[in-house]
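Heads up: the sequence lines are chains Z and X, in that order. Take the first sequence: its letter number 305 is residue 305 in the working numbering, and every next letter is one higher. Take the second sequence: its letter number 99 is residue 99 in the working numbering, and every next letter is one higher.
By construction, these hints were calculated from the structure, which means they are not laboratory data. Remember, it's a predicted structure, so these values are computed and weren't measured experimentally. We treat Cβ as the ideally placed atom computed from N, Cα and C, and that holds for glycine.
Cβ-to-Cβ under 7 Å is the rule here; a few derived chain X residues that face chain Z:
1) Val29
2) Leu31
3) Leu32
4) His83
5) Val86
6) Lys106
7) Val109
8) Ala117
9) Leu120
10) Val124
11) Leu147
12) Gln151
Stretch-level coverage of chain Z by chain X, calculated; a stretch enters the list once three of its residues show a Cβ under 8 Å from a Cβ in chain X:
13) 27-41
14) 103-112
15) 117-131
Number of protein chains: 2
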Amino acid sequence: MTETTFTKPIADHLERFNRSLARQMRSSVPLLNLVVRYLLRSRGKQLRPMLVFLSAGAAGGITERTYIGAAMVELLHTATLIHDDVVDQATMRRGLASINAVWKNKVAVLVGDFLLARGLLLAVEHREYDFLHATADAVRRMSEGELLQVQNFRKRRTDESMYLRIVGDKTASLIATCCRIGAISAGADDDTQALLGTFGENVGIAFQIRDDVLDYTSRTAILGKPTAHDIREGKITLPLLRAMASADPDEAKAIGQLVRSGPLRNGSVERIVAFVERHGGIESAMATAQQLVADAIALLEQLPHSEYRTMLAAFARYTIERNK
Amino acid sequence: MTETTFTKPIADHLERFNRSLARQMRSSVPLLNLVVRYLLRSRGKQLRPMLVFLSAGAAGGITERTYIGAAMVELLHTATLIHDDVVDQATMRRGLASINAVWKNKVAVLVGDFLLARGLLLAVEHREYDFLHATADAVRRMSEGELLQVQNFRKRRTDESMYLRIVGDKTASLIATCCRIGAISAGADDDTQALLGTFGENVGIAFQIRDDVLDYTSRTAILGKPTAHDIREGKITLPLLRAMASADPDEAKAIGQLVRSGPLRNGSVERIVAFVERHGGIESAMATAQQLVADAIALLEQLPHSEYRTMLAAFARYTIERNK
Chain Z
1 MTETTFTKPI ADHLERFNRS LARQMRSSVP LLNLVVRYLL RSRGKQLRPM LVFLSAGAAG
61 GITERTYIGA AMVELLHTAT LIHDDVVDQA TMRRGLASIN AVWKNKVAVL VGDFLLARGL
121 LLAVEHREYD FLHATADAVR RMSEGELLQV QNFRKRRTDE SMYLRIVGDK TASLIATCCR
181 IGAISAGADD DTQALLGTFG ENVGIAFQIR DDVLDYTSRT AILGKPTAHD IREGKITLPL
241 LRAMASADPD EAKAIGQLVR SGPLRNGSVE RIVAFVERHG GIESAMATAQ QLVADAIALL
301 EQLPHSEYRT MLAAFARYTI ERNK
Chain X
1 MTETTFTKPI ADHLERFNRS LARQMRSSVP LLNLVVRYLL RSRGKQLRPM LVFLSAGAAG
61 GITERTYIGA AMVELLHTAT LIHDDVVDQA TMRRGLASIN AVWKNKVAVL VGDFLLARGL
121 LLAVEHREYD FLHATADAVR RMSEGELLQV QNFRKRRTDE SMYLRIVGDK TASLIATCCR
181 IGAISAGADD DTQALLGTFG ENVGIAFQIR DDVLDYTSRT AILGKPTAHD IREGKITLPL
241 LRAMASADPD EAKAIGQLVR SGPLRNGSVE RIVAFVERHG GIESAMATAQ QLVADAIALL
301 EQLPHSEYRT MLAAFARYTI ERNK
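Next comes chain Z alone, as it looks inside the complex (with noise of 0.2 Å):
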């Protein structure tokens, strides 16, 4: 199953979703107009506006607020990924160079503010009020999220309490408040808006767990060594924690001590990976993500069948199914 699967019913909505996008992207500033042709060449997977659109479907019908909602969720998204690569200084984002290294930090700052603020705006010109309110607590439990890393990561010290709120903020809240407004797009009641909003919260917590258990599994293409980039920047991720508490103490703290004795070697790095493969930290956190999956599906059950839950559950699946 690939990302295009979940796509089939809303294909045609996905398509002048795209073209609607782009005519609100753009402004009479020419600069800012030509960062914003490079993003839309450079189009991720698109998983959140497509998440809006099939809460929607399932929720009761794609509506023409539907589009708008899944505008503003993508121009936020943007935004912040076009400050996340400043923040990281990532001079590359989905195979091409990224805004900050093609036209430095100043206008990627500039650019991510302007997108922001369009995606909150764009509501607050279509008087979708609901929207905002249901988004009100994810940008700031974005941001928050973001700062919340930050401040770990010169501690270099977290647990697991600390790194499921930093993966809740950061990742799940945004994917939750697009499920959640596909539902109010489609009228659905309270019931339903507040059933997708913990189907998507459940669903980005299990994304992001995956993504931090590849980072443990994948080798690289030549040498086949372990990728580990958390573990080299410094990032404590669950398959570590959950390693970290299985084994005996002295073992956990020396690895701890490795782990925050500054920039890692590559054999402290494969030192690390192999703890955690030893001590079935990737099963381990495998398993929260199968069990938030599993949760989520059997949500939807209480939705009416249609092929929009149908996506909805295949998607679940995939977030901890995919190898990349």
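Fit chain X to the supplied structure of chain Z, relying on the hints for placement.
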């Protein structure tokens, strides 16, 4: 007349406002609270909240809504200052180290995002949708204005209409919004809202012109040399544009080439400053600022007499009379 004079009729309001602002900026993330405490300590003149309160008073009376409006504009303004310092790689702000200097770009970008979102969502939480409609345009214009300036700076080529557009977008749009939001918070009718919005736009442009003039007229404390930061950075402002328009075409062309020739040496800077002085650039720019202020004050005559109205007029005069 100093800035504190204008706040006389609203001193108690501003004090209460500052206590509530501190609450609104609070977060559950310790790092964010640390930055916010630093920001509150290095608070500026708070001209924007002051304009919200004075406009509300002049338009019918300060209400609880006025506090929300004032907090919203101050949060948006603070967010743009923090991002401006990242964009300009500024190390100082209001006599203290800038956020990017203390905590690096990473934190500055994220805190700016948090405050930008906080400002807009504060209005959402209080269902102050009219504030959002009044602000939508300014938020778009602020990022567009910054980007226009970046774009023009790269070309080192600008004309008076471009200069006025950038000044209007970057500076005047938010000041106009402050006055308009004050009127809305007082329950004033559309005409009064529009009148105060125009007052703010005029005063905002005059304010920036005065800033740009002061950059030509100020001298460094020790050597008495022109500060002329703008022209050193390649920024072309109204005094230079007016001087070029009144000089003979050959001389204007030579100065234009000098400005575009790249980083300027001290001798070149002094030559440009002398050119601006000789061709009446200062006086011509100030005449425009004076006309804008006169028009703004004339508009106020349509409002009933009040101490708030008197202070708005005094503030308008101050924007062009100040020497720093």
